[in-house]
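Student: For the record, the sequence lines run as chains G and C. For the first sequence, the working numbering begins at 44 and goes up steadily by one. For the second sequence, the working numbering begins at 47 and goes up steadily by one.
Just to be clear, a hint being listed does not mean it is correct.
Said to hold, decoys possible - Here are the simulated EDC-like cross-link-like pairs (lysine to aspartate or glutamate), alpha carbons at most 20 Å apart as the crow flies:
hint, chain 1, residue 1, chain 2, residue 2
1, G, 135, G, 204
2, G, 49, C, 297
3, C, 108, C, 297
4, C, 51, G, 204
5, G, 47, C, 142
What the hints assert, rightly or not - Just so you have them, the derived chain G footprint on chain C, three or more residues with Cβ under 8 Å:
hint, segment
6, 104–110
7, 211–223
8, 320–329
Bear in mind the hints are in silico, worked out from the structure with no lab data behind them. As the structure is a prediction and not an experimental result, all values here were calculated from the model. Idealized CB from N, CA, C, for every residue including glycine.
Read off the chains here:
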Amino acid sequence: MSRKYKQFFGFMALRLAGLIVLFVLFYIIYDIVSKGLSSINWEFISQPPRRGMTEGGIYPAIVGTFYVTVITALVSVPLGMFGAIYLNEYAKKGRLSRLIRMAIRNLAGVPSIVFGLFGVALFVQWFNFGPSLISAGFTLGLMTLPVTITASEEALKTVPDAYRKGSLALGATRWETIKTNVLPLAIPGMMTGSILGLARAAGETAPILFTGAAFFLPHLPDSPFSQFMALPYHLYILATQHHNISVVRPIAYATALVLIVLVLLINLTAIILRIKYRKKFENK
Amino acid sequence: MNRFKEKMIRRFFQLNGLFVIFVLIGIFVLLIRNSYPAFREIGVWNFFSSAEWNPTSFTGPKYGILAQVYSSLIVTFGAMLIAVPLGVATAAYISEVAGPGVKNILKPTIEILAGIPSVVLGFMGIVVIGPLIARVFNLNQGLNAINGSILLGIMALPTITSLSEDAISAVAKKYKEASYGLGANRWQTLVSVVIPSALSGIIASIMLGMGRAIGETMAVLMATGNSPAMPENIFDSLRTMTATIAIELGEVPFNTTHYYALFAVGLILFIMTFLVNLVSDIILHKYQEVD
Numbered sequence: 044m045s046r047k048y049k050q051f052f053g054f055m056a057l058r059l060a061g062l063i064v065l066f067v068l069f070y071i072i073y074d075i076v077s078k079g080l081s082s083i084n085w086e087f088i089s090q091p092p093r094r095g096m097t098e099g100g101i102y103p104a105i106v107g108t109f110y111v112t113v114i115t116a117l118v119s120v121p122l123g124m125f126g127a128i129y130l131n132e133y134a135k136k137g138r139l140s141r142l143i144r145m146a147i148r149n150l151a152g153v154p155s156i157v158f159g160l161f162g163v164a165l166f167v168q169w170f171n172f173g174p175s176l177i178s179a180g181f182t183l184g185l186m187t188l189p190v191t192i193t194a195s196e197e198a199l200k201t202v203p204d205a206y207r208k209g210s211l212a213l214g215a216t217r218w219e220t221i222k223t224n225v226l227p228l229a230i231p232g233m234m235t236g237s238i239l240g241l242a243r244a245a246g247e248t249a250p251i252l253f254t255g256a257a258f259f260l261p262h263l264p265d266s267p268f269s270q271f272m273a274l275p276y277h278l279y280i281l282a283t284q285h286h287n288i289s290v291v292r293p294i295a296y297a298t299a300l301v302l303i304v305l306v307l308l309i310n311l312t313a314i315i316l317r318i319k320y321r322k323k324f325e326n327k
Numbered sequence: 047m048n049r050f051k052e053k054m055i056r057r058f059f060q061l062n063g064l065f066v067i068f069v070l071i072g073i074f075v076l077l078i079r080n081s082y083p084a085f086r087e088i089g090v091w092n093f094f095s096s097a098e099w100n101p102t103s104f105t106g107p108k109y110g111i112l113a114q115v116y117s118s119l120i121v122t123f124g125a126m127l128i129a130v131p132l133g134v135a136t137a138a139y140i141s142e143v144a145g146p147g148v149k150n151i152l153k154p155t156i157e158i159l160a161g162i163p164s165v166v167l168g169f170m171g172i173v174v175i176g177p178l179i180a181r182v183f184n185l186n187q188g189l190n191a192i193n194g195s196i197l198l199g200i201m202a203l204p205t206i207t208s209l210s211e212d213a214i215s216a217v218a219k220k221y222k223e224a225s226y227g228l229g230a231n232r233w234q235t236l237v238s239v240v241i242p243s244a245l246s247g248i249i250a251s252i253m254l255g256m257g258r259a260i261g262e263t264m265a266v267l268m269a270t271g272n273s274p275a276m277p278e279n280i281f282d283s284l285r286t287m288t289a290t291i292a293i294e295l296g297e298v299p300f301n302t303t304h305y306y307a308l309f310a311v312g313l314i315l316f317i318m319t320f321l322v323n324l325v326s327d328i329i330l331h332k333y334q335e336v337d
């Protein structure tokens, strides 16, 4: 076979791989939208489940996911930002910062179910928070930490060094420099990256299985120490644990659709935020 | 006073940086602490040498981890058979063949694919892939090892594709130009110059994808049928380490041998993924130094 043909068929194979990837995503979205859309209406979004989850909506699950994501953000965003400030603004290139970076990469690789075990042992049992919003939020927060810290560091790296040197040369201290010359430019990027991490946390199931997610609750959580319903867990229940799986299949599809839309919306928010702030800086 | 304040602020940020190390060590210590009673009760040898996991057996509980470890490894291996060729080929396509228009479609596609929650993919395993497998291979139902492998393959795909693409794009232009100069065409250059130069980055990406696949819970929990016996072929239902923890932790009372045994499974899982990530890290580091 001539090398020209080899190239032709080789590139064809690569193109095919790309097409398969495209098809996989397209098919997932097509399947969920086409089978989930018909069950979605205002009642589905605004009402709790009724009659053993065969009717009604998923309102408590939406609210629960929202609450737990807020707690996740309260834990992982500040910790991630502060950690990144240390790594990028204070730490010298040496053994310690290498060690921290290694820990970040390894923490990112810890399986989500292991975070679940950790959350049960530490927050549910040791701190005695019980299965609750706060136990689940803290667990997810620590799990998201590698994302927020890496994203924040990337954002800090984009601030040109001249901004720091100019300020330091005028006699400002390191902290004053960070506060006035570095953070204002870096915060939009930090937020964008962190929100992307939170979108992932909102869709996680394994870490909240035993740290606070509930099968069914007739009312909304009224304190951080309440259990809660969550969208991903609700989908898991409807898909595998329900006593009448075929009856609730349309509801499961609709729940999957709401979950995907929610995750994509959070991603979209991050992207819009990035574009908006970029424009603002260009105008200055 | 001002200098003191600066020092305290620095300390504060440093503590936040160190916090990540505390968390990692904290996870490790808690896993060991909660596994220890299980190892003492069950015996380390029994735990690792038996394939029978039946904590509620009438003839006395059995805690053998072998079938679960084997199940996790076999599903992950299957996932890699799917994700490695597909991921590396897609990465090569994006960085070396595709025009900017196609690139602008494929790259976000991969990002969105990475963002799909695992529980949704598990659901797809039940409603789409399971029935498909059952029909194609004429089985009663399709919740088995291949189903899990396909899902984990899809989950590992974005990691492998995007990191491989980084590695392939990072190959110095002069290598490619030298190859063209010698009369090689684009395909020959890709296969015998670009891919070999990017190989360590590609291998690191595969290791990372593998680490994710071993530790993935929801997709395998929902799609592999969860039969705790040792699987005999790829059409068998099986139960991975992650699925065992997910199924049983909700049912056991705290501080029983069974409870601690689940932490022991978690500890083994943690060590396995830690090692895979470490190897990936070392490969990547070496590769960056060469560049």
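Student: Now, for every hint given, state plainly whether the structure supports it.
Tutor: Hint check:
1. G:135 x G:204: OK: residue 135 (chain G) and residue 204 (chain G) at ~15 Å, within 20 Å.
2. G:49 x C:297: 58 Å, violated
3. C:108 x C:297: Since the Cα atoms of residue 108 (chain C) and residue 297 (chain C) sit roughly 17 Å apart, the hinted pair holds (cutoff 20 Å).
4. C:51 x G:204: This hinted pair is violated, its Cα atoms lying about 24 Å apart.
5. G:47 x C:142: Between residue 47 (chain G) and residue 142 (chain C) the Cα gap is close to 17 Å, so the pair holds against 20 Å.
6. 104–110: With 0 residues in contact (Cβ-Cβ under 8 Å with chain G), the coverage given for the segment 104–110 of chain C is violated.
7. 211–223: Three-residue rule not met by the segment 211–223 of chain C, so violated; n is 0.
8. 320–329: holds (count 5)
Hints 2, 4, 6 and 7 from the earlier list are contradicted by this structure; the remaining hints agree with it.
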